[in-house]
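Asks: Okay, here's what each chain looks like letter by letter:
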Amino acid sequence: MKSKKAGRIVFEIFMIILSLLFLYPLFLTIINSLKSFSEVMTDVIALPKSLAFENYSYVWKYINYPRLFLNNTVITVIGLAGIILISSIAAYKLARTKSKTSNLIYFICIMPMLIPFQSIMLSVLQMAKNLNLSDSTWGLGILYWGFGAPLAMFIYHGFVKGVPREIDESATIDGASGFSLFFRVIFPLLKSVTTTIVIIDVMWIWNDFLLPLLMVNGSPSTKTLTLAAYTFVGQYTSDWQYAMTAMVMAVLPSIIVFMFLQKHIVKGVVAGAVKG
Amino acid sequence: MFKLGRKWAERLEFGAFTLPVLISIIAVFYYPFMLTIRYSLTKWNGISKNPQFVGLDNFKQIFSGDANFLNASWFTIKYAILYIVLVNVLAILLALVLDMKMKSTTWLRAAFFIPYILSLVIVGFIWKFIFMQGFESLGASTGWGIFKLSWLGEPNLAFISVLLVSIWQSVGFYLVIYIAGLQSVPEDMKEAAKVDGAGPVRRFFSITLPLLAPSITISVFMALTNSIKVFDVILSLTGGGPGGTTYSVAYDIYRDTFQNNLYGYGTAKALILFVAVLIITVIQLTIFKRREVEA
Chain A
1 MKSKKAGRIV
11 FEIFMIILSL
21 LFLYPLFLTI
31 INSLKSFSEV
41 MTDVIALPKS
51 LAFENYSYVW
61 KYINYPRLFL
71 NNTVITVIGL
81 AGIILISSIA
91 AYKLARTKSK
101 TSNLIYFICI
111 MPMLIPFQSI
121 MLSVLQMAKN
131 LNLSDSTWGL
141 GILYWGFGAP
151 LAMFIYHGFV
161 KGVPREIDES
171 ATIDGASGFS
181 LFFRVIFPLL
191 KSVTTTIVII
201 DVMWIWNDFL
211 LPLLMVNGSP
221 STKTLTLAAY
231 TFVGQYTSDW
241 QYAMTAMVMA
251 VLPSIIVFMF
261 LQKHIVKGVV
271 AGAVKG
Chain B
1 MFKLGRKWAE
11 RLEFGAFTLP
21 VLISIIAVFY
31 YPFMLTIRYS
41 LTKWNGISKN
51 PQFVGLDNFK
61 QIFSGDANFL
71 NASWFTIKYA
81 ILYIVLVNVL
91 AILLALVLDM
101 KMKSTTWLRA
111 AFFIPYILSL
121 VIVGFIWKFI
131 FMQGFESLGA
141 STGWGIFKLS
151 WLGEPNLAFI
161 SVLLVSIWQS
171 VGFYLVIYIA
181 GLQSVPEDMK
191 EAAKVDGAGP
201 VRRFFSITLP
211 LLAPSITISV
221 FMALTNSIKV
231 FDVILSLTGG
241 GPGGTTYSVA
251 YDIYRDTFQN
261 NLYGYGTAKA
271 LILFVAVLII
281 TVIQLTIFKR
291 REVEA
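Residue numbers (full-length UniProt numbering), protein chains in the order written: chain A, 1 to 276; chain B, 1 to 295.
Please keep in mind that the hints were generated in silico from the structure rather than gathered at the bench. It cannot be assumed that every hint is accurate.
[Stated by the list, open to error] With a straight-line Cα cutoff of 27 Å, these simulated DSS-like cross-link-like pairs (lysine-lysine) come out:
#	chain 1	residue 1	chain 2	residue 2
1	A	K4	B	K289
2	B	K289	A	K100
3	A	K267	B	K289
4	B	K190	B	K289
5	B	K103	A	K4
6	A	K5	B	K289
7	B	K103	A	K267
8	A	K267	B	K78
9	A	K263	B	K103
10	A	K4	B	K101
11	B	K78	B	K289
12	B	K7	A	K5
13	B	K289	A	K98
14	B	K148	A	K5
15	B	K101	A	K267
16	B	K78	A	K49
17	A	K100	B	K148
18	A	K129	B	K43
19	B	K7	A	K161
20	A	K93	B	K7
21	B	K101	A	K263
22	A	K5	B	K43
[What the hints assert, rightly or not] Interface residues of chain B toward chain A, partial, derived using beta-carbon atoms under 7 Å:
#	residue
23	L12
24	G15
25	S24
26	I25
27	A27
28	F53
29	G55
30	S104
31	I117
32	Q133
33	S137
34	G139
35	A250
36	T281
We put the CB at the ideal spot given by N, CA and C, even for glycine.
Bound-form chain A, shown alone (with noise of 0.2 Å):
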């Protein structure tokens, strides 16, 4: 018994080094961009001498940070509010009208997750710009509306499935109806569904890049982070600690986010993939 203790004791050790490995990659950026520029040049896995900080002021002013975290948190909350909002509703409704139309719409609605978005960008852009949606933070919000709910109708509407139906007759009785009795009763209800949703689409909204690219890369004050990253490390190719002290200040908020609501994520992930 003791020796068999002994052993998972081995393995756990091994297992922590492993991860520790796995990690190694983001450790060397984070150190690299408080390095000065002949400190990297000469050494990359050597522990800063003195911690470089002017590498953050410099790149926090050069990408106007400020304004790219603007831009990120309006795209995202636009696209997310606007896919939580219409797909909610549309499920429900989907979910508790039993009728060819309704079989056909739902259809209509998630046929959508196989279609990659390479097929139709060009499309997309064009329409965008027929639309007036282009180069603006508010179009690509809206823009997500309709790419992100394929998903979320299809988990909405798996479980809405699991709602009692006569919660709604109750509510009816009770005289509520239409939207009161969905944002009042049944809304409330689908919260960690709802969670779930979030929490899938923040991750890939906050961290897009190809509709970003396409739709607002023309002018500093319509872009994302990701996409000034990229241009910054584009422009500063041999100058590789701006471009760590880049990475680390595009990809902080996420790991922030993540450290907060870390157990939700991974329960999230299961709900959104398994069901999915």
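Dock chain B against chain A, hints included.
Replies: For chain B alone, coordinates are given in the frame of chain A:
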């Protein structure tokens, strides 16, 4: 009169609930998809006002031998197969370990998941830095030959690099799906097999793996759709090099459309990609669904 009124009221409500999502989805998927079909039949540089109708010429040209598209397809097929197999096998192995009760389990799960929350473009750049600068220092301090190879400069190694980086970024995601799957395998079944004298390997293949089938279906589906569309990580890691050996189909479409301004031609390739994705995913889902068993 009253009845007709109620029916219309119901229809109105149905419309009010479902139209917003329908309009959004039609606007970003179906309408652009129709446009894609139209553009694919034209020759268009994106500047002239009217695309010139050329019928099926684009498709004829692609199928009669477009070297770029052929190479990109070959790259994507190799990449997709290896990615799907490796990421799923690794994720299952890790999930088996992290399903055990250890003090650090929560921390370990989070650690393997962290790369997944980073944008793929940034992951590509981080690894480019590691391959180009970091490996030099690691080689100097360890003396291992593996760090002295040109991981982004030699075609075969560049392919492996793209593969490794993608797996590094996403293995945590599949890991979580498999952990969830493992938790739904009933303990008493494993116990019963143990009593019957089945060893750990036999127990895994005869009990755990078959019951893990729904998780495998969904993971393979996700790995498949994601690997066919691989783009961001290549853009920042190798830029398609060395010598154009790491262009994926998605990247080739992007390059034709937006860098070479061959709007019609690029769109025709995009349409071929769609048909391929559709056929492959439908086949995959049918085969995998058939193999699933109930616990």
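Asks: So, for every hint listed, does it hold in this structure?
Replies: Against the structure, the hints come out as follows:
Distance hint between A:K4 and B:K289 is unfulfilled; the C-alpha atoms sit about 39 Å from each other, more than 27 Å. Of the supplied pair hints, the one linking B:K289 and A:K100 holds, its CA atoms being roughly 25 Å apart against a limit of 27 Å. About 24 Å separates the Cα atoms of A:K267 and B:K289, which keeps this hinted pair within 27 Å; it holds. Between B:K190 and B:K289 the CA atoms are separated by roughly 24 Å; this keeps the pair inside 27 Å, and the hint holds.
For the hint linking B:K103 to A:K4, the alpha-carbon distance of about 16 Å falls within 27 Å, and the restraint holds. About 40 Å separates the Cα atoms of A:K5 and B:K289, which puts this hinted pair outside 27 Å; it is violated. Of the pairs offered as hints, the one joining B:K103 and A:K267 holds, with about 19 Å between alpha carbons and a cut-off of 27 Å not exceeded. For a cut-off of 27 Å, the pair hint linking A:K267 to B:K78 is broken: about 32 Å separates their Cα positions.
A C-alpha spacing of about 16 Å is found between A:K263 and B:K103, which places the hinted pair at or below 27 Å, so the restraint holds. For the hint linking A:K4 to B:K101, the alpha-carbon distance of about 14 Å falls within 27 Å, and the restraint holds. For the suggested pair B:K78 and B:K289, the alpha carbons sit about 24 Å apart, so the restraint of at most 27 Å is met. Our distance criterion of 27 Å between C-alpha atoms is broken by B:K7 and A:K5, whose separation comes to about 70 Å.
A C-alpha spacing of about 26 Å is found between B:K289 and A:K98, which places the hinted pair at or below 27 Å, so the restraint holds. Simply put, B:K148 and A:K5 have alpha-carbon atoms about 40 Å apart, too far for the 27 Å limit, and the pair is violated. In summary, the hint linking B:K101 to A:K267 is supported, as the alpha carbons are separated by about 18 Å, within the 27 Å threshold. About 44 Å separates the Cα atoms of B:K78 and A:K49, which puts this hinted pair outside 27 Å; it is violated.
With a CA separation close to 63 Å, the supplied pair A:K100 and B:K148 exceeds the 27 Å bound. Annotation: proposed proximity of A:K129 to B:K43 holds, straight-line Cα distance about 20 Å (limit 27 Å). Taking the CA atoms of B:K7 and A:K161, the gap is near 24 Å; set against the 27 Å cutoff, the hint holds. For the hint linking A:K93 to B:K7, the alpha-carbon distance of about 15 Å falls within 27 Å, and the restraint holds.
The straight-line distance between the Cα atoms of B:K101 and A:K263 is roughly 17 Å, inside the 27 Å bound, and the hint therefore holds. The suggested pairing of A:K5 with B:K43 is violated, with an alpha-carbon distance near 70 Å, which exceeds 27 Å. A least Cβ separation of about 9 Å between B:L12 and chain A goes past the 7 Å threshold, and the interface hint is therefore violated. With 7 Å as the threshold, the beta carbon of B:G15 stays out of range of chain A, its nearest partner Cβ sitting at about 9 Å, so the hint is violated.
The closest approach between the C-beta of B:S24 and any C-beta of chain A is roughly 4 Å, which is under the 7 Å cut-off, so the hint is satisfied. At a threshold of 7 Å, the smallest CB-CB gap from B:I25 to chain A is about 5 Å, leaving the interface hint in force. Annotation: B:A27 was flagged as interfacial toward chain A, and the flag holds, the nearest CB pair being 6 Å apart, inside 7 Å. Interface restraint check for B:F53: the shortest CB-CB distance to chain A comes to about 16 Å, outside 7 Å, so the restraint is violated.
Because the smallest distance between the Cβ of B:G55 and any Cβ of chain A comes to about 19 Å, over 7 Å, the interface hint for this residue is violated. Here the hint on B:S104 is kept, as its CB sits about 6 Å from the closest CB of chain A, short of 7 Å. Using the Cβ-Cβ criterion of 7 Å, the hint placing B:I117 at the interface with chain A is satisfied: the shortest such distance is roughly 5 Å. Hint status for B:Q133: holds, given a least beta-carbon distance of 5 Å to chain A, under 7 Å.
For the restraint placing B:S137 at the interface with chain A, the shortest Cβ-Cβ distance is roughly 4 Å, inside the 7 Å limit, so the hint holds. The restraint placing B:G139 at the interface with chain A is violated, with a minimum CB-CB distance near 10 Å, outside the 7 Å limit. Hint status for B:A250 relative to chain A: holds, with the closest Cβ pair at about 5 Å, below 7 Å. Proximity of B:T281 to chain A holds as hinted, the smallest CB-CB distance being about 6 Å (cut-off 7 Å).
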